[in-house]
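Enquirer: Residue-level listing of the chains:
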Amino acid sequence: MEKSTWTTRVGLAQMLKGGVIMDVVTPEQARIAEEAGAVAVMALERVPADIRAQGGVARMSDPALIVAIKAAVTIPVMAKARIGHFVEAQVIEALGIDYIDESEVLTPADEEHHINKHKFKIPFVCGCKNLGEGLRRIAEGAAMLRTKGEAGTGNVVEAVRHARAVFSAIRQLQSMDEDELFVYAKNIQAPYALVQQVAATGRLPVVNFAAGGIATPADAALMMQLGVDGVFVGSGIFKSGDPAKRARAIVEATTHYKDPEIIARVSKGLGEAMVGIEISKIPAEQLLAQRGW
Amino acid sequence: MTVGVLALQGDFREHSAILRRLGTDPLEVRLPAQLATITHLIIPGGESTTIGRLLALYGMLEPLRARAGRDLAVWGTCAGAILLARTILDQKQGGQPSVGSMDITVRRNAYGSQLASFELPLDAPAFGAGPLPGIFIRAPQIEAVGQGVEVLARLPNGAIVAARQGQLLATTFHPELTADARVHRYFLSL
Numbered sequence: 508m509e510k511s512t513w514t515t516r517v518g519l520a521q522m523l524k525g526g527v528i529m530d531v532v533t534p535e536q537a538r539i540a541e542e543a544g545a546v547a548v549m550a551l552e553r554v555p556a557d558i559r560a561q562g563g564v565a566r567m568s569d570p571a572l573i574v575a576i577k578a579a580v581t582i583p584v585m586a587k588a589r590i591g592h593f594v595e596a597q598v599i600e601a602l603g604i605d606y607i608d609e610s611e612v613l614t615p616a617d618e619e620h621h622i623n624k625h626k627f628k629i630p631f632v633c634g635c636k637n638l639g640e641g642l643r644r645i646a647e648g649a650a651m652l653r654t655k656g657e658a659g660t661g662n663v664v665e666a667v668r669h670a671r672a673v674f675s676a677i678r679q680l681q682s683m684d685e686d687e688l689f690v691y692a693k694n695i696q697a698p699y700a701l702v703q704q705v706a707a708t709g710r711l712p713v714v715n716f717a718a719g720g721i722a723t724p725a726d727a728a729l730m731m732q733l734g735v736d737g738v739f740v741g742s743g744i745f746k747s748g749d750p751a752k753r754a755r756a757i758v759e760a761t762t763h764y765k766d767p768e769i770i771a772r773v774s775k776g777l778g779e780a781m782v783g784i785e786i787s788k789i790p791a792e793q794l795l796a797q798r799g800w
Numbered sequence: 063m064t065v066g067v068l069a070l071q072g073d074f075r076e077h078s079a080i081l082r083r084l085g086t087d088p089l090e091v092r093l094p095a096q097l098a099t100i101t102h103l104i105i106p107g108g109e110s111t112t113i114g115r116l117l118a119l120y121g122m123l124e125p126l127r128a129r130a131g132r133d134l135a136v137w138g139t140c141a142g143a144i145l146l147a148r149t150i151l152d153q154k155q156g157g158q159p160s161v162g163s164m165d166i167t168v169r170r171n172a173y174g175s176q177l178a179s180f181e182l183p184l185d186a187p188a189f190g191a192g193p194l195p196g197i198f199i200r201a202p203q204i205e206a207v208g209q210g211v212e213v214l215a216r217l218p219n220g221a222i223v224a225a226r227q228g229q230l231l232a233t234t235f236h237p238e239l240t241a242d243a244r245v246h247r248y249f250l251s252l
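First to last, the protein sequences are chains G and F.
Going from the first sequence to the numbering used here is simple: count from 1 and add 507.
Going from the second sequence to the numbering used here is simple: count from 1 and add 62.
Okay, chain F solo, but in the shape it has when bound:
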């Protein structure tokens, strides 16, 4: 198993730090050659328009689409979840590049401006017992999931915040900003 963290933009260092704590030696992925060497990839939080643009520009969208969910496990947090989604609502004007491998519909910035960012402990037994810290920053929301997609966590109002389809994992919150490594451990088991 070789784990990579997409390091084009965003909070990739926080992901790497947790992965190192779990005993892996993550590779920062910025170019297609690095992508080719890994079995697991985390797409971090950041700006989905920025990361998507750089993925397209540096020729990484095609290899990602070809491998994601087949011989590459991919976990997207926040912006990463947007980039994984087959359907993106509230895209920037003119649309935005994305990987689009996971059968989910995601609305960008679904809760409002930064002032509506929030914290809420989540009930998510799939990741282990006890509440999971949920940090939502200008967060997207998973509005629909296809067949074959398992919902792993919801807000009390029913909004989907974590889902899995085979080797693809999407969370709209940021486990990498917490000391809780349960979601990282879960991802490494995929």
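Bound-form chain G, shown alone:
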């Protein structure tokens, strides 16, 4: 019996497809998320909106909190490690958590190297802004991707930008001949074998969710119609007026993303959405999506 193989690591992400992964900061929030139909929760000390507001260095959460959240629910639990901080990743793996997000939402621990994810048994999800970045993460061992968006803003514009960048690059690849693929791989700084695979299959080799700025059921359905496999909702739920109701609505809109009548119905009377931030008002050095290389 072979445990935690590449197939099972990529496979868990397959099982999350069509679902919503929700950021939670307490066991109670985790229960609300599970009750609302989340397919997994991300255990955190602070949601991205608070990390953004409070500043300072954002690190892996207290293991006691991660374990308490894990004990509160039966769905998979993810936790975030800083980019390049392979010891935080070792700690999360030792806790028996289901997935690690090597996340730009936390302050990077290494400005050159990401974690060598092949060295771990636990699967990793990583963020990307474009195809090259996504394929570099897969080469390092990521078993799942998420487009980055701009976390903690409640503004979906960056999530759309990154998803469109990934999918339009995939469409371009499919029309290239081999000579062009070599150059394209070089230009996007991605391994040729992965570029070739994407060109041949017309899809990423792993599951790709959207993240960063999704705040409404329509936002979730928008990302699904653009072609992502599912959505992460961070601050958008528990920074809103009625988290349980909004969480349920986003789950329904993600399943029925092609059905505007259902999206209209579930979008009614959700109370206040989280306060959004215009991207142009954020100083360049505070843009989280720029972290990661």
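Among the hints, erroneous ones may be present.
Unchecked claim - Listed below are the simulated SDA-like cross-link pairs for lysine to any residue, each with C-alpha atoms no more than 25 Å apart in a straight line:
id, chain 1, residue 1, chain 2, residue 2
1, G, Lys752, F, Pro159
2, G, Lys775, F, Ala118
3, F, Lys154, G, Leu572
4, G, Lys628, F, Leu217
5, G, Lys628, F, Pro195
Stated by the list, open to error - Just so you have them, the derived chain F footprint on chain G, three or more residues with Cβ under 8 Å:
id, segment
6, 515-527
7, 603-613
Just so you know, the hints here were simulated from the structure itself, not pulled from any lab data.
We treat Cβ as the ideally placed atom computed from N, Cα and C, and that holds for glycine.
Mind docking chain F on chain G? Use the hints.
Expert: Chain F in isolation, oriented as in the chain G frame:
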């Protein structure tokens, strides 16, 4: 014969791809009206709490309970096997909605966290000769079966991983993640 794949959440596209390879044109089922048109339904892998909640919310539990095993063949993989089971152990706090038509007892997430997910070739002559690829992801286990339920595959330690009761089929592993279409072919013959 009209084959549907429950498309509320999970890896329904992988099931559809294999069904298409076998020459069928599967229908993605999200609403009761679609359910009414099919003779075979696959409940895919995914999160049983999420799929169960959406089944209940969109009025599909009652029609499923009324038809499953009578004029509707149903195959549940992993989460789908949980949703088919009459008794579910280790449910989420407060319990979880399910179809409950098959006389089996299933324990959710029976092997531990994701780190305990595993691959193991299975000896399952019911699906044809030769080892069947077994992919187990946060998998449940069938802990007991009622009379009238046939055990189709076990792990070497005796744990039941596939069972059939008439037109109901449960597997705790994921044939849809492999290139091996034997279990799909078996299901279409029910």
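Enquirer: Compare the structure with each hint and give your call.
Expert: Hint by hint, here is what the structure shows:
no. : hint                 : result
1   : G:Lys752 to F:Pro159 : holds (19 Å)
2   : G:Lys775 to F:Ala118 : holds (20 Å)
3   : F:Lys154 to G:Leu572 : holds (19 Å)
4   : G:Lys628 to F:Leu217 : holds (23 Å)
5   : G:Lys628 to F:Pro195 : holds (21 Å)
6   : 515-527              : holds (count 10)
7   : 603-613              : holds (count 4)
Checked against the numbered hints given earlier, this structure breaks none of them.
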